[in-house]
Amino acid sequence: MFERIDVLLMLIPGLPLLAAIVTALLGPRVLRSMSHVPVVVAFAVSFLCSLLLVFEVRDQQSPPELEGQVISTRTIGYEHLTRLWTWASIDGAYESDAVGTATDAPDFRIDITLRADALTAMMLAMVTFISSLVAIFGSGYMDGDRGYWRFFTYVALFVFSMTMLVSVSNFVLLFVFWEAVGACSYLLIGFWYEKPEAAAAGKKAFLVNRIGDFAFTIALFLIWTTYGSLNYHDTLKDGRYQSDVVSQAIESGRQDVVVPGVLGQTRIAANDYVIGEHGQVTVTAICILLMLGACGKSAQFPLHVWLPDAMEGPTPVSALIHAATMVTAGVYMVARCTPLFMSSPPAQMLVAVIGGFTALLAALIALTQFDLKRVLAYSTISQLGYMFLALGAGTLAGITGGMFHLFTHAFFKALLFLGAGSVMHAMGHIIDMRRFSGLRRLMPHTHWTFLFGCLALAGVAPFAGFWSKDAVLAAVETKAHALEHEIAIRHGDGVHATSHGTGEAHVPAYLSPAEYDHLKAGLYSGLSDAELHRNALLYKSLYILGLVVAFLTAFYTFRAFFMTFYGEERVPHEAGHHA
Numbered sequence: 012m013f014e015r016i017d018v019l020l021m022l023i024p025g026l027p028l029l030a031a032i033v034t035a036l037l038g039p040r041v042l043r044s045m046s047h048v049p050v051v052v053a054f055a056v057s058f059l060c061s062l063l064l065v066f067e068v069r070d071q072q073s074p075p076e077l078e079g080q081v082i083s084t085r086t087i088g089y090e091h092l093t094r095l096w097t098w099a100s101i102d103g104a105y106e107s108d109a110v111g112t113a114t115d116a117p118d119f120r121i122d123i124t125l126r127a128d129a130l131t132a133m134m135l136a137m138v139t140f141i142s143s144l145v146a147i148f149g150s151g152y153m154d155g156d157r158g159y160w161r162f163f164t165y166v167a168l169f170v171f172s173m174t175m176l177v178s179v180s181n182f183v184l185l186f187v188f189w190e191a192v193g194a195c196s197y198l199l200i201g202f203w204y205e206k207p208e209a210a211a212a213g214k215k216a217f218l219v220n221r222i223g224d225f226a227f228t229i230a231l232f233l234i235w236t237t238y239g240s241l242n243y244h245d246t247l248k249d250g251r252y253q254s255d256v257v258s259q260a261i262e263s264g265r266q267d268v269v270v271p272g273v274l275g276q277t278r279i280a281a282n283d284y285v286i287g288e289h290g291q292v293t294v295t296a297i298c299i300l301l302m303l304g305a306c307g308k309s310a311q312f313p314l315h316v317w318l319p320d321a322m323e324g325p326t327p328v329s330a331l332i333h334a335a336t337m338v339t340a341g342v343y344m345v346a347r348c349t350p351l352f353m354s355s356p357p358a359q360m361l362v363a364v365i366g367g368f369t370a371l372l373a374a375l376i377a378l379t380q381f382d383l384k385r386v387l388a389y390s391t392i393s394q395l396g397y398m399f400l401a402l403g404a405g406t407l408a409g410i411t412g413g414m415f416h417l418f419t420h421a422f423f424k425a426l427l428f429l430g431a432g433s434v435m436h437a438m439g440h441i442i443d444m445r446r447f448s449g450l451r452r453l454m455p456h457t458h459w460t461f462l463f464g465c466l467a468l469a470g471v472a473p474f475a476g477f478w479s480k481d482a483v484l485a486a487v488e489t490k491a492h493a494l495e496h497e498i499a500i501r502h503g504d505g506v507h508a509t510s511h512g513t514g515e516a517h518v519p520a521y522l523s524p525a526e527y528d529h530l531k532a533g534l535y536s537g538l539s540d541a542e543l544h545r546n547a548l549l550y551k552s553l554y555i556l557g558l559v560v561a562f563l564t565a566f567y568t569f570r571a572f573f574m575t576f577y578g579e580e581r582v583p584h585e586a587g588h589h590a
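Going by the working numbering, the sequence shown wraps up at 590, each residue one higher than the last.
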């Protein structure tokens, strides 16, 4: 079973890399107008492998193995590691008094390791499926372009970098492919580099992202100096032993505990990475720096300015960047770093505030745009803000809702961008909605597919956007209620929610009673009643803001739809025979 997963993990990113090499070598002289073939085939096979990986991970996570009232950690949080080779190793690189007493921290070691868990499997399936559709669309859209083979080489490298980014199992490799995704986006946004606007847009995206990447780099140094590890996964065989070690250290009053494996599954429910006031400041600094890095990649305020200009690239590139690859990298990174953000409530709230504010700001700007692709670009920024708003709730429902919205958004946003590309191609590369209208008769297929995308983006039931937006808003509202409930419990005005009406605390099935008590104490012990009240008010305000953004999204989405496909039939003279 595990051998099959190993093969799948290697094939999924390996095939796009192979396609990029073949296209780069044979495209100019041999493949030429057939340069898309190896790329489309590689993406399609990678998608099939990703589907198999999803089923493998699903089978490993169910049915749960009950041990009394506790579900085995391995069952609820399945993860599999495929270690290929060691890239770098330095013995004795980390020195601390805590090492050797609380637990043995590893030497500085960077392994080329691929990871399979639920989050990785979901991301790989989404990335490879959307990429396959975009590549097929691009084969017709880019037909006749001088750089046809070059386009598909860049796209294949882009997808390889993204699949590796979500597959690796340590922060160093995450950063390597984080930069690779940025480099590929620069090449694709500036693909038509003869146009000054395209060249400038590529440079702008590259430079703005350097700000976030610099913050990410500092975060990596702080993670190493704080935890003595850059791995996600637990480095000890028995994750329960790690929890016991930490608990013993807490009881003994130690404040410099080092736990191998920064983001292992067994650490998600813990709030004790670094103990003490100094440690809290450190982990908050790490989270803020990571969030700044995510703001760059995922175009959140104040580093959102590059994404609208990225529309200067070919439309398939816009669909790929906005739906499945670059902008989702920041959301994925924050979701992957959930354990760190859980241990810093201030950073958690910062994520929610930035996400909520960006969602509102981008939605308001989208109302003023007449360029169809720019409307969709600001829509992407706004919806990414929704995802960060959910992640900022810091709850299981929030993480699930945020990633669910990322997944659904990828499909309908790719559909909308490809529809916009169809309109742009038919209108002779004119995309200003003031210069055309009434296209539903000229482009009936595009009209209907674009309508379905708009319904999903606007959150109309029963389309996907309705369910994922509802999950985001529900998570934020639930967070506010949870904080209010904690205040009530402290003052004896309420009891824990129960499943039997007994008034006793309901312990999640995957936690022992002792672990549940420790988790609850860790979440709220450092907050006063006044702070809990302020936090509850903040999340209530963010919930209302999310509702406002939902209505604004519906308005600017259908404004663009009706301006394009309804009204008097008008076509710009540049359209020529394409219309």
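Heads up, some of the hints might be wrong.
[To be verified] Calculated pairs, SDA-like style, for lysine to any residue (alpha carbon to alpha carbon, straight line, at most 25 Å):
id, residue 1, residue 2
1, Lys206, Asp443
2, Lys551, Trp478
3, Lys206, Ala129
4, Lys206, Leu218
5, Lys206, Leu361
6, Lys214, Phe225
7, Lys215, Leu233
8, Lys206, His440
9, Lys206, Lys551
10, Lys551, Asp382
[To be verified] Pair ranges (Cβ atoms, derived):
id, residue 1, residue 2, range
11, Pro455, Phe566, 47 to 57 Å
12, Arg94, Pro357, 47 to 57 Å
13, Val292, Asp540, 35 to 45 Å
14, Glu542, Leu29, 51 to 61 Å
15, Ile222, Ala472, 16 to 26 Å
Just so you know, these hints were derived from the structure itself, not from any lab. Here a beta-carbon is modelled for each residue, glycine too, at the ideal position from N, C-alpha and C.
Okay, the hints, checked on the actual structure:
1. Lys206 x Asp443: holds, 18 Å
2. Lys551 x Trp478: The hint holds at about 20 Å.
3. Lys206 x Ala129: The given pair, whose Cα atoms are some 42 Å apart, is violated under the 25 Å limit.
4. Lys206 x Leu218: holds, 19 Å
5. Lys206 x Leu361: Violated, at about 39 Å.
6. Lys214 x Phe225: Given that 25 Å is the threshold and the Cα spacing comes to 17 Å, the pair holds.
7. Lys215 x Leu233: violated, 28 Å
8. Lys206 x His440: holds, 14 Å
9. Lys206 x Lys551: Given pair Lys206, Lys551 is violated - Cα atoms ~47 Å apart, limit 25 Å.
10. Lys551 x Asp382: violated, 34 Å
11. Pro455 x Phe566: 47 to 57 Å: Cβ of Pro455 to Cβ of Phe566: about 25 Å, so the range 47 to 57 Å is violated.
12. Arg94 x Pro357: 47 to 57 Å: Violated, at about 36 Å.
13. Val292 x Asp540: 35 to 45 Å: Violated: the Cβ-Cβ distance is about 23 Å, outside 35 to 45 Å.
14. Glu542 x Leu29: 51 to 61 Å: holds, 54 Å
15. Ile222 x Ala472: 16 to 26 Å: 40 Å Cβ-Cβ, so the 16 to 26 Å window is violated.
Hints 3, 5, 7, 9, 10, 11, 12, 13, 15, counting from the list given before, are not met by this structure.
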